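Between the sequences and the hints, there should be enough to build the whole structure, so can you do that?
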Amino acid sequence: MSQNPETGAIRCPEWGNSMLYRLAGRGRERIAFRTLTGRGIHTMNELTGGLAGRESEVGRILDAIEHGRSTPQALLIIGEAGSGKTSLLEVAAEHARVTGAYVLRSQGFDGESEQSFAALHQLLLPLMPGAADLPGHLREVLETSFGLAPITRPADPMLLRVAVLTLLAGASRHRPVVLIGDDIQLFDRDSLDVLGFVLRRFAAEPVTVLLAARGLTPPDAAVAHLPVLSLGPLTVQAAARLLDAQPESPTGRARSDVLDQADGNPLAIIELCRSVRSGSPLGLTDGALPQTQRIQEMFSAQLRALPVTTQRMVLYAAASSHQEDLETIMSAAGVGTDLSVWASAEDAGLITIAGRQVGFRHPLVRASAYQGASAHLRQRAHIDLAAVHRNDPARQAWHLAAACIGQDESVAATLEDTAELVEQRGGFYAAARALERSAECSPAPEDRARRYAKALRAANNAGDTFWVRELYAKVTALTKDRDLLGVAANGAGLALSMSGHQREAFQLLIGALEPDLPQDARTTLAVTAVIGAVAFQSGLSEVRRPLVPLLESIETSAVSTPYSELVADEAVNALRAVILCEADPIRNAPALLNRTRRPSLLEPLTGIAELIRLQTLGAVAWWADESDLCVDTFRQAFAMLRSYGAIGTGAIALSAMGSALIDVGRWAEADELLEEAATLAAVQKMKHIEVDIEALRVTLQALRGRSADAGILTDPAWTVVNLEENTATHARLLRAAGTAAAAAGDYDGALRHFRRLFHQDGTPLHYFLSHGSIADLAAVAQRTGRQEEVEPVVAAVRKALGPRPTTRMTLLLHHASALVGGPTQAEHHFRLALVNPAGDQWPLARAQARLHYAQWLRRRRRSLEARPLLASAMEAFSRLGAAALADEARAELRASGVATPSDRPDPLSELTAQQQQIVRLAAQGLGNKEIGEKLKLSPRTIGSHLYQVYPKLGVSSRHQLRDVFGVL
89 MSQNPETGAI RCPEWGNSML YRLAGRGRER IAFRTLTGRG IHTMNELTGG LAGRESEVGR
149 ILDAIEHGRS TPQALLIIGE AGSGKTSLLE VAAEHARVTG AYVLRSQGFD GESEQSFAAL
209 HQLLLPLMPG AADLPGHLRE VLETSFGLAP ITRPADPMLL RVAVLTLLAG ASRHRPVVLI
269 GDDIQLFDRD SLDVLGFVLR RFAAEPVTVL LAARGLTPPD AAVAHLPVLS LGPLTVQAAA
329 RLLDAQPESP TGRARSDVLD QADGNPLAII ELCRSVRSGS PLGLTDGALP QTQRIQEMFS
389 AQLRALPVTT QRMVLYAAAS SHQEDLETIM SAAGVGTDLS VWASAEDAGL ITIAGRQVGF
449 RHPLVRASAY QGASAHLRQR AHIDLAAVHR NDPARQAWHL AAACIGQDES VAATLEDTAE
509 LVEQRGGFYA AARALERSAE CSPAPEDRAR RYAKALRAAN NAGDTFWVRE LYAKVTALTK
569 DRDLLGVAAN GAGLALSMSG HQREAFQLLI GALEPDLPQD ARTTLAVTAV IGAVAFQSGL
629 SEVRRPLVPL LESIETSAVS TPYSELVADE AVNALRAVIL CEADPIRNAP ALLNRTRRPS
689 LLEPLTGIAE LIRLQTLGAV AWWADESDLC VDTFRQAFAM LRSYGAIGTG AIALSAMGSA
749 LIDVGRWAEA DELLEEAATL AAVQKMKHIE VDIEALRVTL QALRGRSADA GILTDPAWTV
809 VNLEENTATH ARLLRAAGTA AAAAGDYDGA LRHFRRLFHQ DGTPLHYFLS HGSIADLAAV
869 AQRTGRQEEV EPVVAAVRKA LGPRPTTRMT LLLHHASALV GGPTQAEHHF RLALVNPAGD
929 QWPLARAQAR LHYAQWLRRR RRSLEARPLL ASAMEAFSRL GAAALADEAR AELRASGVAT
989 PSDRPDPLSE LTAQQQQIVR LAAQGLGNKE IGEKLKLSPR TIGSHLYQVY PKLGVSSRHQ
1049 LRDVFGVL
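If you use my numbering, the sequence shown closes out at 1056, no skipped numbers anywhere.
By construction, these hints were calculated from the structure, which means they are not laboratory data.
Each hint can be trusted.
So the derived label-pair ranges between C-beta atoms look like this:
hint	residue 1	residue 2	range
1	A291	R948	47 to 57 Å
2	G890	T159	54 to 64 Å
3	Q848	E602	28 to 38 Å
4	D345	D308	32 to 42 Å
5	A442	T397	20 to 30 Å
6	G890	R948	26 to 36 Å
7	K887	A679	19 to 29 Å
8	V316	P603	46 to 56 Å
9	P214	V324	41 to 51 Å
10	S629	P603	18 to 28 Å
11	S629	P531	46 to 56 Å
12	I471	P531	17 to 27 Å
13	M216	S428	32 to 42 Å
14	A291	R392	45 to 55 Å
The structure presented is a predicted model; accordingly, all values stated were derived computationally and were not measured.
C-beta: ideal position from N, C-alpha, C; glycine also.
Below, the structure is given as structure tokens:
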């Protein structure tokens, strides 16, 4: 494709004698075609050139680019090979360039589909000089992931995604950015995962994303949410006009044959016309082959017509990756520096030589060159390419693996080393694939099993649960080694649990410990820890039952273990404490918390020992209902995890912290944390955690009085996992549904949902989570006059928690008893629900207890006693942002004879912590650029945040913000 610098016309060889013009008109540009043989300028409704019949598609793509100058736009183009996807992207790229956009491109290639971040590297390579302006931790993870810097610590997938998003956002501040990805079905999985994250996070950046994939459906879940532009066959009329636009277009019988065989495929029309011009027979008249194969066969015929030496060169180019330049390919082929070896392929239009790179006219030319060669020639090409990569072990390993037709220990060992390097860069999928290939190349069964087990752990990190299960089957078929089977079961069991299959996970894990335990005690401990996680998520007593006996049988004196993270005694003790809480939180959590809080253990440690102490203390505090301690400790632990580049390992704890933040009233912080947790769960493909986080979000919104989120009552979240064996998720969903129903005023519906948290006899649906909703259940029972139905449930919970429940549960039980118990004891329980000052750490629960006690007093004509309780409750609800509850308290206060101000709840409580910072700085008179410099954000992002918060604050411009803060 070329452009006339004087006219701005764009010309593409595939369009025949036509050019694409940008015409300046009033208001906006318009696109038109002009044929070189005519004098007129035609609109896109007049079909000419290689994009004949695609005028509407061109218009939609160019509209996306134009709209992308102000708001993010994305489009996924799908269609069979030769349908015009690449040509449409060429039009888009050229239009973007001539209109001043920054164009970033990446081309999928089968030879790089297993190389970690290969597609992303292509896409971002022009921006890498700008990475120097990124914060140090983001620059480091970006450079190490692309192999541009040495690895100093394992890469965090979340940090890499944030780095890519920040880099692209930074580039878009200077001019609009257009991202173009072709043949994304051949992109490596790690790149697709990052792109999927980035696509979901663009907010106000001037970015247009255009992706193309071969096939009729989106190739990956990462892009399945994008708007789709599907390219079908051309109409007969459009196909005929395209044929007539070709040089020396065929006539007569040949014309009919071309149209019949092409079947509306634009590339097939062009290539068949080329065949007719060259005098080659058309063949394939029965049309038995699929369109892709027929087009590929046409390219294969052209390749076979080349000189043998040129065929060999084209094969070597097809076997190489985009990172292997012209010099590397020619060196591998042993032809020196004589470029004439490429001439006939260039003349045939099959390849281009530009700069130091070899380019293929179409992806199917590359596929035809590689797949059309004999196995011997392909093997020779990879061996020769490997030979020139003596200083690049990773690339050499992949070429040697491609050349290996059996087992070769040296290749297997090199691939295993490569996988370790790739995994440290955060390329989990590529690492798992390298380890799997390493296992396939291993001559010894024991090495094959060991490498398959390592591949399984890497695949688990990549979040591919189905792949993990396939690898587990390979390990179990190869070895009877109890330790190796334990390692494999640990990864497979966790994958099954994350995908919601708790019973299957438990059977697999317990099978790895029976009839004999692994020799390595730490392997047994690691498997037991996963059983503990399954026990909590499932809530099943049969899964919890073996936890304590297993712990008692473990002696962790040996240090020879595949679990290097469990060598330290602190890590072992931490796991033991958490497992004991999972087994029986009522009996174990308070005692373990007291033990963990001993003064000697509260003294700060250093390094990994301090991280382990914080994680242990935070987890046990959560089980012991010490929410303030849980939040403060986890906050420190997550800060350390981020500094270690391993935040992804904290996804499960983030969800626990999210619920604690809601309980302690830090709702703006909860918003940010739940967003982070949802992202990590999506990255790691943790199905039930994604649902848990969404349930917590709905709960929080309902507490704010926003009943629109009651859609969770019919949300597909209820069917993502089997709730019978995922009772933790079930409990969170029921609480969310009950809270949403209550916010909408549907108290009968709320009672139904909260009541399902307990079985008919009052035993809990989930052994830990159900108890925390007992006061909510009692409140809606009192609202509907059905206290007698719920009173036995309250008694059952009190009995289950024993004589010494946690402080939080003691207060909730008194609150519930006051609402549904006998009238003579109601005031006694209300007072006990409010007397303990420790309850102030749960401001929502305390304010609700005050509101309900005040309502009870007022209905007994004791309004004077009710007033201070109502005033305190209204203040607490307003401070939290619980608008509906604040209004209820305000109405009760008015009814008690107190004139109340009509002020609404603190509007800042509805904003995230970052939005609060932005608003405060804007109220001080700072401009968007100044605020952006302080917060390391773009002025456009600052403007977008302000636009979003104005309605929440009841203002229409930044000049009114000072008045808001004056009121506050």
